[in-house]
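Position chains B and C relative to chain A; hints supplied.
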Amino acid sequence: MKAEFSLFFIIEVIGTIAFASSGAMVAIKKQLDLLGVVVLGVTTAVGGGLLRDIIIGNVPPAMFQDPLYVLLAFFTVMILFIIVRHNQRILAGRSIETYEKVMNIFDAVGLGAFTVVGIDTAILSGYGEYHFLIIFLGVITGVGGGILRDIMAGQTPYVLRKHIYACASIAGAILYAGLLEHINGNAAMLIGACSVVLIRVLATRFCWNLPTATQKN
Amino acid sequence: MKAEFSLFFIIEVIGTIAFASSGAMVAIKKQLDLLGVVVLGVTTAVGGGLLRDIIIGNVPPAMFQDPLYVLLAFFTVMILFIIVRHNQRILAGRSIETYEKVMNIFDAVGLGAFTVVGIDTAILSGYGEYHFLIIFLGVITGVGGGILRDIMAGQTPYVLRKHIYACASIAGAILYAGLLEHINGNAAMLIGACSVVLIRVLATRFCWNLPTATQKN
Amino acid sequence: MKAEFSLFFIIEVIGTIAFASSGAMVAIKKQLDLLGVVVLGVTTAVGGGLLRDIIIGNVPPAMFQDPLYVLLAFFTVMILFIIVRHNQRILAGRSIETYEKVMNIFDAVGLGAFTVVGIDTAILSGYGEYHFLIIFLGVITGVGGGILRDIMAGQTPYVLRKHIYACASIAGAILYAGLLEHINGNAAMLIGACSVVLIRVLATRFCWNLPTATQKN
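Protein chains in written order, with the numbering used here: chain A, 3 to 219; chain B, 3 to 219; chain C, 3 to 219.
So here's chain A without its partners, still in its complex pose:
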């Protein structure tokens, strides 16, 4: 997961912070203890990449080769824990709304970054020919951490329930994989990642949802 140019490094950092925060908040709301908060936060941040590496047999997984993102997730979680602990009314106040809006955008950035990084890792591991595989690995890198978070927290995975979340990742992954054969790699990566962010932000703003088979519609 070594960043190849600095812009990309920055958006991966933003994504890691956002994912770690989302895991930590789920744990805090469930009143898990410090360790639970750390585990859920770090799992959300690096779990998607871990699943990807397990599926393609990357040994040892990237999170262990360069623990930078694990450390970043860890410190994010610790800071969040300390802030909430020393100012518990923060969870009910108006600042939480602002926080969630900012985090939603950060989370979209993370989803975009992780999706294209997942595809990139798969291609670098020599699976560029398997189009379905690389798209799947991009999506699992993007949404896998959140799935693990929700399974461990005992709630139906968010990705199965709401707001065009995995769909944004799938669309960006297909776009990136498709563009790769026609244009410069970095440009394709940026377009893929940005399209994920755009779809997510629009979906949240306008409450887009996929249809369900019964009732609600």
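For the record, the hints were derived by calculation from the structure and aren't laboratory data. As the structure is a prediction and not an experimental result, all values here were calculated from the model. One thing to keep in mind: the hints can contain errors.
[To be verified] Cut-off 30 Å, straight-line C-alpha distance, at most; resulting in silico cross-link-like pairs (DSS-like, lysine-lysine): (1) B:K32 <-> C:K32; (2) C:K103 <-> C:K31; (3) B:K103 <-> B:K31; (4) A:K32 <-> B:K31; (5) B:K32 <-> A:K31; (6) A:K32 <-> A:K103; (7) A:K32 <-> C:K32; (8) C:K32 <-> C:K103; (9) C:K32 <-> B:K103; (10) C:K31 <-> A:K32; (11) A:K31 <-> A:K103; (12) B:K103 <-> B:K32; (13) A:K32 <-> B:K32.
Same frame as chain A, but now just chains B and C:
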């Protein structure tokens, strides 16, 4: 998972359709959206094989080498989704009973097929000597998709609760692995698969259940 | 997981029995049937090692190379099942308290044994240089079985909720990995394992808990 002779291909197709349908129905009943229905349906159909390939380090996993079964599961789920969406009373009507009876038999066929395919894959990957491993892999190929479905849907895995489900798979796996050393491979495979189907159908018909440690008995 | 000297073999046996029992008791309390009890019991006992082997690509995983611990877990579970079934009041009586006290100590021994075995396996597989990885693998070998048990049983993983459980494993893992570079391997292993047991026993005795971010404190 390439089928070696056409009969076997047909029963794998039947199994895939049944497993995908069972995942999709769980998602529909939980009112998940279209993506949730697709993810649970496809996971149920190919998740067992994915777990098997992860355990024995088959890279990339069979579902990516030949996406036929993923596509088949996808289209099965889409058709089911469209049918339910356009005729919602179908979930309450009498036709659902017939549907569930047919699907139970299809599901038994799938369990049988996937169990022996799992063993076959393990042997072809060179683990024929590890008897416990190949039986385990046969069973995990058969029941793993359903376990992933239930974990993602937040319910206690069906396989842990009812009706001689995993037991049928275990019995068939042991039978196939045992017969392999004495008779022709294809014959052993058919006998193994059929015994799974037979045990499942009889267990459902006569409500066989394993004992529990407390109360109910 | 072959034991290298007999003391170590004994504590691994104790750990396997304790872990298998804890899984079986969860299943019995959830009124799962015999198969559910066996699956949860065996998963708790060997699941941590399986996760470790999947992450570092040990193929086939240790539990299949030497099924001794699987068999031991299986017989432990069967005996427990038979005892509870033939004397159901045992679950309410005073003997259950003694049983739980003994099992808590056994469980601490298991946690200590599995943690250092996990690190050892990682080092033998050639990952001694990756300090974070070997500590992680030690902890996952120690707590992974319990996490799988709780996910399958549909409850928030125990390790995320209570009593300095994973923390004991983490502390012992760091201690073992740190000492390894300075003192004899067997001595380091013993000290690492004993420190896990000590922390766990003290934590249970004095109800140590990690802080939570909200309310309780």
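Hints, one by one, checked against the model:
A C-alpha spacing of about 22 Å is found between K32 of chain B and K32 of chain C, which places the hinted pair at or below 30 Å, so the restraint holds. For the suggested pair K103 of chain C and K31 of chain C, the alpha carbons sit about 18 Å apart, so the restraint of at most 30 Å is met. Of the pairs offered as hints, the one joining K103 of chain B and K31 of chain B holds, with about 18 Å between alpha carbons and a cut-off of 30 Å not exceeded. A hinted pair counts as satisfied when its Cα atoms are at most 30 Å apart, and K32 of chain A with K31 of chain B qualifies at roughly 26 Å.
Between K32 of chain B and K31 of chain A the CA atoms are separated by roughly 23 Å; this keeps the pair inside 30 Å, and the hint holds. Of the pairs offered as hints, the one joining K32 of chain A and K103 of chain A holds, with about 21 Å between alpha carbons and a cut-off of 30 Å not exceeded. Restraint check: the Cα-Cα separation between K32 of chain A and K32 of chain C comes to about 22 Å, which is no more than 30 Å; the hinted pair holds. Our distance criterion of 30 Å between C-alpha atoms is met by K32 of chain C and K103 of chain C, whose separation comes to about 21 Å.
For the suggested pair K32 of chain C and K103 of chain B, the alpha carbons sit about 28 Å apart, so the restraint of at most 30 Å is met. The suggested pairing of K31 of chain C with K32 of chain A holds, with an alpha-carbon distance near 23 Å, which does not exceed 30 Å. Under the criterion of a C-alpha separation no larger than 30 Å, the hint pairing K31 of chain A with K103 of chain A is consistent with the structure, at around 18 Å. A threshold of 30 Å between alpha carbons decides the hint, and for K103 of chain B with K32 of chain B the separation of about 21 Å falls inside it, so the pair holds.
Between K32 of chain A and K32 of chain B the alpha-carbon distance is near 22 Å, which keeps this suggested pair within the 30 Å criterion.
Consistency with the previously given hints is maintained throughout, with no hint failing.
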